[in-house]
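Asks: Spelled out from the first residue to the last, the chains are:
2 protein chains.
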Amino acid sequence: MNQEWTVIDGLQYSAWSREIFEQMREGGLNAVHVTIAYHENTRETLTRLGEWNQRFESYPDLIRPVYEPADIAKAKAEGRIGIIFGAQNCSPIEDEIRLVEVMRRLGLMIMQLTYNNQSLLACGCYEDEDSGLTRFGKQVVREMNRVGMVIDMSHSAERSTLEAIDYSEQPVIISHANPSHFHPALRNKSDKVLDAVAANEGLLGFSLYPFHLKDGPQCTLEQFTEMVAWTADRMGVERIGFGSDLCQAQPQSVLEWMRVGRWSKVMDYGEGSADNAGWPDPLPWFCDNRDFPGIVAALRERGFSDDELGLIMGGNWVDLLTRAAQPCPPPDMQGAAAALGSAAEP
Amino acid sequence: MNQEWTVIDGLQYSAWSREIFEQMREGGLNAVHVTIAYHENTRETLTRLGEWNQRFESYPDLIRPVYEPADIAKAKAEGRIGIIFGAQNCSPIEDEIRLVEVMRRLGLMIMQLTYNNQSLLACGCYEDEDSGLTRFGKQVVREMNRVGMVIDMSHSAERSTLEAIDYSEQPVIISHANPSHFHPALRNKSDKVLDAVAANEGLLGFSLYPFHLKDGPQCTLEQFTEMVAWTADRMGVERIGFGSDLCQAQPQSVLEWMRVGRWSKVMDYGEGSADNAGWPDPLPWFCDNRDFPGIVAALRERGFSDDELGLIMGGNWVDLLTRAAQPCPPPDMQGAAAALGSAAEP
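Taken in order, these protein sequences are the chains called A and B.
For the first sequence, the numbering used here assigns the number -15 to the initial residue and increments by one for each residue that follows.
For the second sequence, the numbering used here assigns the number -15 to the initial residue and increments by one for each residue that follows.
Bear in mind the hints are in silico, worked out from the structure with no lab data behind them.
Hints are supplied without guarantee of correctness; some may be wrong.
Computed spacing ranges between beta-carbons, pair by pair [claimed, not checked]: (1) 241(B) to 241(A): 30 to 38 Å; (2) 310(B) to 42(A): 48 to 56 Å; (3) 252(B) to 277(A): 49 to 57 Å; (4) 30(B) to 315(A): 28 to 36 Å; (5) 175(B) to 28(A): 41 to 49 Å; (6) 168(A) to 260(B): 50 to 58 Å; (7) 206(A) to 241(B): 54 to 62 Å; (8) 316(A) to 313(B): 39 to 47 Å; (9) 316(A) to 258(B): 23 to 31 Å; (10) 174(B) to 113(A): 15 to 23 Å; (11) 175(A) to 252(B): 47 to 55 Å; (12) 28(B) to 316(A): 52 to 60 Å; (13) 6(A) to 252(B): 49 to 57 Å; (14) 52(A) to 310(B): 19 to 27 Å.
In silico DMTMM-like links for lysine to aspartate or glutamate, alpha-carbon gap of 25 Å or less [as the list claims (entries may be wrong)]: (15) 122(B) to 303(A); (16) 249(B) to 24(A); (17) 249(A) to 275(B); (18) 122(B) to 79(B); (19) 249(A) to 316(B); (20) 249(B) to 255(A).
Everything numeric in this text was worked out from a predicted model, so none of it was measured.
Note that CB positions come from ideal geometry on N, CA and C, so glycine has one too.
Modelling step: build the complete structure from the supplied sequences, incorporating the hints.
Replies: Following this line, the structure appears as structure tokens:
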């Protein structure tokens, strides 16, 4: 990797260990967006954050938390991996608008409005029909804008995604998915969504999860880089990055938690099926974080310049977070800041 | 009241006290469906149930719990008021299908799928659009059928209501609302919904909440009984009852909890407005439970027979609950019952 770049993977959910963080370093990563909640409610999300605190305590040589975008540069300077917290669902805020600010204060920088199913905020991509943002959803979008929490619509249905982009005063991202043009999975995104994300100056993170790729685990690196080139042409090279969806060393029980949570008495196979109920086979060219340099080489061969690769491999993520994820002042300073206006001195 | 009747009010949420239970007895009531949750989550619902246990302990001469439909007859024989637990929202089960059975075991006999807003199950009547039952919602409808918890769509939007009626294997009720034909409030129900409830052998409980009545607090008893007669013609006299929505002695803070819960940072006035933010003035002919006999007299004058009045004042509620709210066997007996089939001996 070019040492000038800041390299970020925009979505992972692995069975975290020293080994995995060492692989990240070996692969050249400076920061990673990690999932802390799929269906976890408020209380359970605090436990997940506590587990991360314990990892920061256990591996201080390898990882550090990213509470604000500037922490990513600090992580790089320190030679550590910056950990960016995100939720794949709105379950951490339950039914309470004020928990958006509380969760942002705890470091939650990115939150999806839905995970596959209808949520209290919007509709997921697995429902039959999508009625867009709800009354509560509209309030949450604006509150996320206010406190600097990035709206992620990776698992949302199309109308909800377009309405969120329209209603939000900040860019909206798709942290991990691919164009439907490349592979028409329910989780992938139409040209219309890609165009709206681009116009909104958001970001699409390319997924390396085999269910999101043409030919699944047989997808070749050449097919993948061709998709990247197509998307760069369509959205602009400033609007793309990685969100690999790497779920390394996770057992079947975790896949079932993602798919079914607590909402179904029978198994729902999500992107799989009864005959294909497990984790997909990994791509031969992306088994873990050490494989990123190989992908960079293939993208270079596809014709991307060093500057363009710097944007795709993380520069765009840094730019997006810098624009959309600045934490708002602490509650006791908000009134003062508002009263003093933008001319306020520190 | 005719002593042969069983008199039931199908919805109240008052600031419970000895005085109110004494007024119920004076008004001739044998049972009342009380709300235990508007936005309360699982844990908070347990506190509400605990508060009811304390009332049962404090007023053993006046009230008793109704855990199964047969407890209503026991309450009447004992000269006590049977308390039927219901939730106006699905918040007590949070995101967990298995909590339907747990809540039924705790006595929750009736549950609305939504309260005004979109829920995880279906859409409320205050959203702009309604995409019907969700994936989780379909599972919950069948689970409520299985465990004998009655589906109430009083605060739901039209499409969700029709889909719930269609999907449910048991009758669906509207515990407290009036025909839109009489007064076109968002909370009232179209002819199409009334017809579907009737065809499904469900029940409509007439609301005495002024926002649901033509001319609000100025609605006359004559206008009201005319609406009852119209509805009896449309739905059949076996499909109607009372669900007064009496909210006696409740402070403004409770109204605001109902309307806003935790989902909005700004006041939402619901059926009121910024200029009319408080509880509506009461009807002169329905201030508390002692006014039921006057309503019965007016209905008799409208031409209802004694037998018909017996159905409307509670007979239909007993019949509905007997059909739709039988608790299923305890979990350890369900497998045995299924294995033995319907020919099983006790």
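Asks: Run every hint past the structure and note whether it holds.
Replies: Evaluation of the provided hints:
Taken as a hint, the range 30 to 38 Å holds for the pair residue 241(B) and residue 241(A), whose Cβ atoms sit roughly 33 Å apart. For residue 310(B) paired with residue 42(A), a C-beta distance near 54 Å keeps the hint of 48 to 56 Å intact. Checked against the given bound of 49 to 57 Å, the beta carbons of residue 252(B) and residue 277(A), roughly 53 Å apart, stay inside it. Range check, residue 30(B) to residue 315(A): Cβ separation about 31 Å, and the 28 to 36 Å hint holds.
Evaluation of the 41 to 49 Å hint for residue 175(B) and residue 28(A) yields a pass: the beta carbon distance comes to about 45 Å. Distance hint check: the CB atoms of residue 168(A) and residue 260(B) are about 52 Å apart, consistent with the given range 50 to 58 Å. For residue 206(A) and residue 241(B), the Cβ-Cβ distance of about 59 Å falls inside the hinted range of 54 to 62 Å, so the restraint holds. Between residue 316(A) and residue 313(B) the CB atoms are about 56 Å apart, so this pair departs from the stated range of 39 to 47 Å.
Distance hint for residue 316(A) and residue 258(B): a CB-CB separation of about 29 Å, consistent with the stated range 23 to 31 Å. One distance hint, 15 to 23 Å for the beta-carbon pair residue 174(B) and residue 113(A), holds here, with the actual separation near 20 Å. For residue 175(A) and residue 252(B), the Cβ-Cβ distance of about 37 Å falls outside the hinted range of 47 to 55 Å, so the restraint is violated. Our hint of 52 to 60 Å for residue 28(B) and residue 316(A) is violated, since their Cβ atoms are close to 28 Å apart.
Checked against the hint of 49 to 57 Å, the pair residue 6(A) and residue 252(B) passes, with Cβ atoms roughly 51 Å apart. Restraint check, residue 52(A) to residue 310(B): a C-beta distance of roughly 57 Å breaks the suggested window 19 to 27 Å. Only pairs whose Cα atoms come within 25 Å are accepted, and residue 122(B) paired with residue 303(A) is rejected, the gap being roughly 42 Å. Our distance criterion of 25 Å between C-alpha atoms is met by residue 249(B) and residue 24(A), whose separation comes to about 23 Å.
Of the supplied pair hints, the one linking residue 249(A) and residue 275(B) is violated, its CA atoms being roughly 46 Å apart against a limit of 25 Å. For the proposed pair residue 122(B) and residue 79(B), the alpha carbon gap of about 13 Å is at most 25 Å, so the pair holds. For the hint linking residue 249(A) to residue 316(B), the alpha-carbon distance of about 17 Å falls within 25 Å, and the restraint holds. Only pairs whose Cα atoms come within 25 Å are accepted, and residue 249(B) paired with residue 255(A) is rejected, the gap being roughly 37 Å.
Taken one by one, the earlier hints fail for this structure at numbers 8, 11, 12, 14, 15, 17, 20, listed in ascending order.
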